[in-house]
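Q: Here are the chains, one letter per residue:
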Amino acid sequence: MKELMLGNQAVARGLYESGVRVVSSYPGTPSTEITEYISKYPDVYSEWAPNEKVACEVAFGAALGGARSFCGMKHVGLNVAADPVYTASYIGVNAGMVIGVADDPGMHSSQNEQDSRHHAIASKVPMLEPCDSAECKEYAMLAYEISEKYDTPVMLRLSTRISHSRSPVETGERVAAPEKPYVKNVGKNVMMPAMAKARHVFVEQRTAQLREYAETSGINRIIKGGKIGIIAAGTTFNYAYEALGDKASYLKLGMVNPLPVELIKQFAAGVERLIVCEELDDIIETHCLKHGIKCEGKALFSFCGEYSQSIIRKAVLDEENEYRTFPEQFPARPPVLCPGCPHRGLFYALKGLDVYVSGDIGCYTLAAQKPLDSLDSCLCMGGSVSGLHGFNTARGAEQAKRSVAVIGDSTFIHSGITGIIDIAYNKGLSTVIVLDNSITGMTGHQNNPANGFTIHGDPTVAVDLEALARAVGFSSVRVTDPYDVETTRKVIAEELQKEEPSLVIARRPCALLKTAVRKKPLVIKENCVGCRSCLKVGCPAISVENKRAVIDKNQCIGCGICAFACRVGAIGEDE
Amino acid sequence: MTYNILIAGVGGQGTLLASKLMGVVFMNKGYDLKVSEVHGMSQRGGSVVTYVRFGDKVASTVIEKGEADMVLSFELLESARWLPYLKKDGVLISNTQKINPMPVIAGQAQYPEDIAEKLRATGVRLHTVDALSLAEKAGSAKSVNVVLLGVAAKYLGMEREAWENAIRSTVPPKTVEINLAAFNAGYTL
Ligand code: SF4
Ligand code: SF4
Chain A
1 MKELMLGNQA VARGLYESGV RVVSSYPGTP STEITEYISK YPDVYSEWAP NEKVACEVAF
61 GAALGGARSF CGMKHVGLNV AADPVYTASY IGVNAGMVIG VADDPGMHSS QNEQDSRHHA
121 IASKVPMLEP CDSAECKEYA MLAYEISEKY DTPVMLRLST RISHSRSPVE TGERVAAPEK
181 PYVKNVGKNV MMPAMAKARH VFVEQRTAQL REYAETSGIN RIIKGGKIGI IAAGTTFNYA
241 YEALGDKASY LKLGMVNPLP VELIKQFAAG VERLIVCEEL DDIIETHCLK HGIKCEGKAL
301 FSFCGEYSQS IIRKAVLDEE NEYRTFPEQF PARPPVLCPG CPHRGLFYAL KGLDVYVSGD
361 IGCYTLAAQK PLDSLDSCLC MGGSVSGLHG FNTARGAEQA KRSVAVIGDS TFIHSGITGI
421 IDIAYNKGLS TVIVLDNSIT GMTGHQNNPA NGFTIHGDPT VAVDLEALAR AVGFSSVRVT
481 DPYDVETTRK VIAEELQKEE PSLVIARRPC ALLKTAVRKK PLVIKENCVG CRSCLKVGCP
541 AISVENKRAV IDKNQCIGCG ICAFACRVGA IGEDE
Chain B
1 MTYNILIAGV GGQGTLLASK LMGVVFMNKG YDLKVSEVHG MSQRGGSVVT YVRFGDKVAS
61 TVIEKGEADM VLSFELLESA RWLPYLKKDG VLISNTQKIN PMPVIAGQAQ YPEDIAEKLR
121 ATGVRLHTVD ALSLAEKAGS AKSVNVVLLG VAAKYLGMER EAWENAIRST VPPKTVEINL
181 AAFNAGYTL
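So the protein sequences, as listed, match chains A and B.
Number 363 in our numbering belongs to position 363 of the first sequence; there are no gaps in the numbering.
Number 26 in our numbering belongs to position 26 of the second sequence; there are no gaps in the numbering.
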């Protein structure tokens, strides 16, 4: 049957049809939906793991135990999972194991635009890169064959435009993968120096065999056309094909690590001008130059951002489209915290305290923008906590009374826990605030170990954040409701003064959750003086028109945070 | 030939449903197609755009400046923002609804005045629709997206049943009637 599928959905379909039995992932845009879709197939065990390292180890263990397995993550998640990946490459697999990694060129929803091909090269793991939903399914299935044939984990590289675009896919039946017996094999499965030395030799031989596969298997194919030769993979191949059509010939790469050499030489020999189109880094170009194949690449294209057919047409043919423009400047429309978002209350509370705010990854990163303007730094998952400890250590004990870390519940579980251990163990004084909204919000609302529900929505144990903090040595642990701005501010002010580390949990479900309390919209009363103080909370539901505040009743959920900001008491319930 | 539709709006307005329904109709008609969506951070009240491309063979997932045959805009300021993406002879269908972006709310910028007039002055083929009123009349302010889809469907020339069937097979059963009413409000305009 032909179905219109999201790239991620097609990957999930490929896993299903390949007989995959175990999937463990941590959500991350643009990879999240793979695991959400796979969780709908009853024959596949799926779970959200606390982080990508755990997910990868679960997938490794499952493959060793004889089940085809998968773990999915975004590009930066692969950094977290890198430790197991690099050694899983030495050990190889029993049943097939695939790591799905989605890059985000253009940073639609990421903190950097790293190129995950580097990890494939460095860990010596083969990497496939599909160019549409049909290939997403096809390559996901092929990845298991390669994994088992060559005894290696395989990476499936996606990108935002592949993961999040829909195109037709022909679906098939699930074929149960043969159950592989587990046989103890210390030489292969226990990596310590003596064994790893032998396995490294194996890995190098495997890479040579995989390069042969890249040369001859047909996964990298030549499409004959004009005298311009384009080498491209994935979404960039689509752009090039759209831009140049049959003016060019193409070497479409389906396997981006290891890269072929002879095939490229053969392709190069048949064209007058050889151009490598690759978003992000110059990996294929460098490979060509290393093997003495003359080509153009980053001399024509940027290292930054996404490509498109226009960019390629301009660079290669020097052609541009005509278009109209709006005759004047107009404002940008950045994403914002939702109306009624509990994070808004916490950040508005912090505003009154004039503190250094060590930020983290999640919806609350949006509070860095005006008018909340509330973050001083944001590095990586969990970086707020340990980063604050470093900042305070550099600047002395008094600084600890004027600084906080803010981290969401899911991010805290992901990698904030080790940070609070570091603070307590090393006698730090820092104040850490967990923004506990009972969900992984930014990636589209996934359950997590702190909210008491599994990926399927079934009740399970929830991490007791208060007990956890006490157990690692935080003796001062407080819980506050961020909708109650006044109390929240008071609690944080008190905790900052203490000569010990403190954990404050600002607890209130995400405003978009079914469990969130939605009250009647608030209204502006007669006594509004138009002072605009209420706008400082940065709620999209409130604005000022004709010198008076107005609340959009379709958006407001009556959280009351703006009422706290109004000095004359002009915001309240409709009587 | 490929036909390019750019759907622009504000996160939360339901642009994804409109593009999904288009996708279903074009696929049922036997076209090759690509529908490119936005997930994640920009969905939170930011400017969002979806690309729908259909034809014999569609390669790229994105639509670039000067390439859209149609821009279907859910909000007036977004019409100004995405105007350059329209082909010179393309059609711009614009909701007349205004939603203040944060820089305007925060007082750092002004919402431009008379956007529709200024758009028209560029010579663009412009079709303005008060989709919010039509949606409210049809029974739900939330169905602005399907009202606008109705207006777009009229330009795309495929028969009404194809769209109605797509709505029936795609939206939750409880909202079928409201969505059909909203679609017709746009289609019969
Ligand atoms: S803060 Fe109060 S008085 Fe000032 S504009 Fe807002 S509602 Fe009116
Ligand atoms: S009560 Fe105020 S802050 Fe809360 S959603 Fe309504 S307008 Fe926004």
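Everything labelled a hint here was simulated from the structure, so no lab data went into it.
A portion of the hints provided could be inaccurate.
Claimed, not checked - Calculated cross-link-like contacts (lysine-lysine; reagent style DSSO-like; alpha-carbon spacing at most 30 Å): (1) B:K137 / A:K224; (2) B:K65 / A:K40; (3) A:K298 / B:K57; (4) A:K553 / B:K174; (5) A:K294 / A:K224; (6) B:K98 / A:K553; (7) A:K252 / B:K57; (8) B:K98 / A:K2; (9) B:K142 / A:K547; (10) A:K536 / B:K174; (11) A:K227 / B:K154; (12) A:K227 / A:K294; (13) B:K118 / B:K154; (14) A:K520 / B:K98.
Quick caveat, the model's predicted, so the values are computed rather than measured.
Q: Does the structure break any of the earlier hints, and which numbers would those be?
A: 1, 2, 8, 10 and 11
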